[in-house]
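Asks: Here is what each chain is made of, one letter per residue.
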Amino acid sequence: MDAFLKAGPFMAENFSLLLEKTGEQLLLSLVAVLISLVIGVPFGLWLGHVHRGEFLAVSLTNIGRALPSLALIAIFIGLVGIGYANVLLALIILAVPPILSYTYIAIDSVDRDLTRAARGMGLTPLEVLWRIEVPLGLPMAFSGVRTAAVLVVSSATLAAVAGGGGLGDVILNQVAYGIEGVVAAALWVAALSILVDQAIALLFRLVASPGVKRVAAQSTSAPAV
Amino acid sequence: MIESRESLGITFEKATKVYPGTSAPALDGLDMTIEAGELVCLVGPSGGGKTTALMLINRLIDLSSGDIRIGGTSINDLGPIELRRKIGYAIQQTGLFPHMTVGENIGVVPRILGWDRARIRERAHELLELVGLSPADRWVRRYPGQLSGGQQQRVGIARALAADPPVMLMDEPFGALDPITRTTVQDEFLAIHRAVGKTTVFVTHDIDEAIKMGDKIAVLKPGGLLAQFGTPAELLTAPADDFVESFLGDERGLKRLALFTLADVASSEAPGTTPPWPRLPESTTVRAALSAAMAERAGGVLATRGDDVVGLAPLDALVHPDLPEAVA
Chain H
1 MDAFLKAGPF MAENFSLLLE KTGEQLLLSL VAVLISLVIG VPFGLWLGHV HRGEFLAVSL
61 TNIGRALPSL ALIAIFIGLV GIGYANVLLA LIILAVPPIL SYTYIAIDSV DRDLTRAARG
121 MGLTPLEVLW RIEVPLGLPM AFSGVRTAAV LVVSSATLAA VAGGGGLGDV ILNQVAYGIE
181 GVVAAALWVA ALSILVDQAI ALLFRLVASP GVKRVAAQST SAPAV
Chain X
1 MIESRESLGI TFEKATKVYP GTSAPALDGL DMTIEAGELV CLVGPSGGGK TTALMLINRL
61 IDLSSGDIRI GGTSINDLGP IELRRKIGYA IQQTGLFPHM TVGENIGVVP RILGWDRARI
121 RERAHELLEL VGLSPADRWV RRYPGQLSGG QQQRVGIARA LAADPPVMLM DEPFGALDPI
181 TRTTVQDEFL AIHRAVGKTT VFVTHDIDEA IKMGDKIAVL KPGGLLAQFG TPAELLTAPA
241 DDFVESFLGD ERGLKRLALF TLADVASSEA PGTTPPWPRL PESTTVRAAL SAAMAERAGG
301 VLATRGDDVV GLAPLDALVH PDLPEAVA
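Residue numbers (full-length UniProt numbering), protein chains in the order written: chain H, 1 to 225; chain X, 1 to 328.
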């Protein structure tokens with residue numbers, strides 16, 4: 001209890017340190033998520049559009065569920081060694097499955113009558129994807145990005161083990177920062193995850209057209225973000 | 001625009017479709033000529049190939065053999081995308097894109113054809129007025145989810161007409177509507193069809209709808225064979241085989257009465273005294289009029305125009321609508 005009470009003053013006294021570490025962690029996470037998006041989204045869009053890849057999507061989701069993220073990252077670092085690039089790679093491996101499988105499901109599950117109507121009207125496959133499937137799949141795809149981002153931001157704490165920096169530097173260094181420092185940084189990580197989650201929800205509201213938001217609000221299968 | 005009546009006929013020449021992995025054809029050697037401006041209903045049981053025949057026209061599926069010509073040009077001479085942009089396509093109400101407003105839905109094809117905004121807007125307004133969603137300003141910014149089934153279907157028709165295509169394909173467009181809305185939308189669509197004169201191929205599983213809507217009806221039977229192609233009157237008076245007869249149902253004789261209206265059968269001489277019969281607008285079908293007379297145990301019905309009685313239709317005239325003079 002004492003540690004919790006002291007966490008507040010610790011945050012106040014070491015605000016610039018925490019900010020610096022937060023910055024490191026966010027940058028690492030952002031790079032990992034962006035690379036994962038570049039890998040996962042195009043594959044998800046393509047597989048969903050051609051309605052193939054159910055096996056892949058389901059397998060990826062299951063692997064993601066079966067392996068605790070921290071265990072995965074620890075195993076991975078154990079296998080390939082420490083270093084910023086390796087941590088980054090581990091985080092990418094963590095983030096690609098939810099992004100890819102959610103994107104796939106988002107596109108694959110768009111009502112086939114709608115895509116038939118679109119094709120029947122003379123839209124090219126790319127136009128069907130861009131004008132119909134992507135807008136209608138957007139809420140679900142964003143759920144995948146949220147899941148991935150929260151996973152990455154929280155897991156990135158472990159980067160300290162491998163020399164990647166971030167708030168883990170504080171959490172894993174009780175000798176230097178005391179127990180109150182560990183608790184303060186841990187609370188900080190929790191808050192960061194919530195902030196990232198909300199930031200992506202906000203991003204969805206910014207990029208989604210009014211029509212997409214309306215559909216998202218009415219749909220039960222794709223909870224509005 | 002709407003006044004333009006560009007319209008092209010469609011010819012099926014031994015059109016055959018065998019789906020991969022099946023041995024029996026879904027559509028077997030269909031030979032049929034649809035004249036420019038005609039509304040042809042494709043009817044038949046599930047598995048009769050009616051939707052297959054429709055989707056072959058705009059190449060949503062490709063022919064296994066044979067050919068289909070639109071205005072003399074083989075559909076295979078155009079790329080599928082180019083072909084489809086010249087063909088209006090409407091399906092059940094689910095075909096509206098829920099994330100687009102009514103105006104955006106109607107504007108989809110004009111937009112990909114590169115029309116400017118003002119022209120698309122003007123076209124959307126014009127079409128909404130045409131399909132009875134008036135004033136257009138009230139509807140154009142709504143979303144499909146804010147409309148009733150009947151209103152959605154009207155938007156679907158407007159969307160299919162957007163780029164003024166010479167041919168319209170409609171796949172059970174009114175299938176999801178309740179009976180009352182369905183009747184209204186059918187009437188409106190018939191009025192639009194008469195106004196714009198587009199060659200229309202209309203798939204339905206409902207023979208009554210086909211009799212009401214079709215200039216001609218093509219009955220397809222299992223195995224994708226054409227059982228009969230003719231006007232509703234031809235089908236009802238001379239079904240080609242047992243299949244068509246059973247498909248038309250037990251009430252074939254009564255259904256035929258739906259091809260006539262009171263204006264066709266009522267005697268025009270002004271009656272001295274009007275009998276206390278039910279009064280019905282002269283546009284009422286003879287079948288409905290007969291039903292009304294029977295329900296009230298009357299000896300006939302009175303045809304009205306506005307508030308005026310313009311003719312008498314006794315039971316005899318209702319029962320023999322094609323021989324009104326002889327009976328009168």
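Hints are computed from structural coordinates only; laboratory data are not their basis.
Note that beta-carbon positions come from the ideal geometry of N, C-alpha and C, so glycine has one too.
Don't take every hint at face value.
To be verified - The calculated label-pair distances, taken between Cβ atoms and stated as ranges, are:
id : chain 1 : residue 1 : chain 2 : residue 2 : range
1  : H       : His51     : X       : Glu13     : 51 to 61 Å
2  : X       : Pro20     : H       : Arg112    : 12 to 22 Å
3  : H       : Tyr84     : X       : Ile81     : 32 to 42 Å
4  : H       : Ile63     : X       : Asp137    : 48 to 58 Å
5  : H       : Ile63     : X       : Ser134    : 51 to 61 Å
6  : X       : Asp137    : H       : Val58     : 40 to 50 Å
7  : H       : Val38     : X       : Asp187    : 48 to 58 Å
8  : X       : Val18     : H       : Gln198    : 24 to 34 Å
9  : H       : Ser209    : X       : Ala24     : 24 to 34 Å
Asks: Decide, hint by hint, whether the structure agrees.
Replies: Status of the hints after comparison with the structure:
1. H:His51 <-> X:Glu13: 51 to 61 Å: 33 Å, violated
2. X:Pro20 <-> H:Arg112: 12 to 22 Å: Given about 18 Å between the Cβ atoms, the range holds.
3. H:Tyr84 <-> X:Ile81: 32 to 42 Å: 48 Å, violated
4. H:Ile63 <-> X:Asp137: 48 to 58 Å: 53 Å, holds
5. H:Ile63 <-> X:Ser134: 51 to 61 Å: 57 Å, holds
6. X:Asp137 <-> H:Val58: 40 to 50 Å: 48 Å, holds
7. H:Val38 <-> X:Asp187: 48 to 58 Å: Since the Cβ atoms of Val38 (chain H) and Asp187 (chain X) sit about 55 Å apart, the hinted range of 48 to 58 Å holds.
8. X:Val18 <-> H:Gln198: 24 to 34 Å: For Gln198 (chain H) against Val18 (chain X), whose Cβ atoms are near 55 Å apart, the range 24 to 34 Å is violated.
9. H:Ser209 <-> X:Ala24: 24 to 34 Å: Given range 24 to 34 Å: violated, Cβ gap about 46 Å.
The structure is inconsistent with the numbered hints 1, 3, 8 and 9, although it conforms to all the rest.
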